[in-house]
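Visitor: Each chain is listed here by its residues.
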Amino acid sequence: MLSVIFILILGITTGYLLKKKESFIKTADKLLLWSIYLLLFLLGISVGSNQTIIRNFAEIGFKAIILSLSGVAASIFLSYLVYRFFWKKNEK
Amino acid sequence: MKNSLIIILFFTVGILCGFYEVIPRIFIENDLSSYALYLLIFLVGITVGGDSDSWKILQKEKLRIFLVPTTVVVGTLIGVGIASFFLSGINLRESLAVGAGFGYYSLSSIIISQISGKTLGVIALLANITREIFTLLFTPIIVKYLGKLAPIVSGGATSMDTTLPIITKFSGKDYALISIFSGTVLTILVPVLVTFILKI
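Chains as they are written, first to last, in the working numbering: chain A, 1 to 92; chain B, 93 to 292.
So that you can see chain A by itself, here it is in the shape it has in the complex:
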C-alpha cells in the first residue's frame, strides 16, 4: 500500500521535474503503453490456461457488466444533481 503511493509520488515528481524534456516524457508514455500490452498479454495467458475462468466466462462477463452499469448509473445520477446545483445555476 505505502509502496504504491511512494512509487506514484516518485513518478509524478520525476515527470514534473523532467517535463521540459519532451523526449523523456514521450518515451515514458510509449514504455507505459508497451508495458500495459505486455502485462495484459500475460494476464491473458494465465486466464487462458485457467480452466475455472474459461468455463465460467459467461458468468464472469455478466457480473462485470452488472457492476459496471450500476457504478456508472449511480455516478451519472449524482453528477446530474451536482451539475444542476453547481454549474447550471451559474450559466445563462
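Derived from the structure by calculation, the hints contain no laboratory data. Given the structure is predicted, the values throughout are model-derived calculations rather than measurements. Not one of these hints is a red herring.
If you want the footprint, here are the derived chain A segments under chain B, 3+ residues with CB under 8 angstroms:
#, stretch
1, 27-39
2, 54-61
3, 71-82
Note that beta-carbon positions come from the ideal geometry of N, C-alpha and C, so glycine has one too.
Assemble chain B onto chain A, guided by the hints.
Guide: Quick look at chain B alone, frame taken from chain A:
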C-alpha cells in the same frame, strides 16, 4: 479507441496462447511479478507529472472542480456496493475494488489480479472496459438528458484521454479542461484506492 482495440487484441491473443499452452507455464508465473507492476505505476506517475496542463486548470476553476472526481468516486462506489448484494460469489470489498478502477481497466485489472487472483482481475478488466465503451457510445444521449458533467463522470479515469474527444464534442470546449482534471485525479487515485480497498 485504437489503443483500446490493441489492448483487447493483446489480451485475446494471450488467452489463446494460454489455452493452447503455446508458452510454458513456469515462464509466465515468474514473470508477472510485482516489480513489473511497480514499473507500470512509476510510468503512470511520470506521464501525469509531465503533463502540466491539468494543474493550471486548478487556478482557473474554483474549488467546485473537485466535485467532479468526488462524484465519480462516491457515485461509483455506492452503485457497485448496491450491486454486490444482488450478485452471488462476489463480496462488497471485491465489488468496491472493481468499481475503483473507474474505467482504468489496464492498471486496475493488473493490480487486482495480483492481490485477489485472476478471476476478479478479469471481472475488473471487463467491467472497466465496459465503462469506457459505454461512455464512447452513449455520451450524446446522456449529455442531452443528464447534463454536461455526465459523460465526464461516466468516463471516469478515461476522461483525460480515450473519451476526451467525444466529451469535448458533446459537452463543449469549456468542459474539456474539467474532463482532463477529473481524469487525472482519478488516474492517480486508481492504484492507491484499489490497493487500499483490497488490503485494509
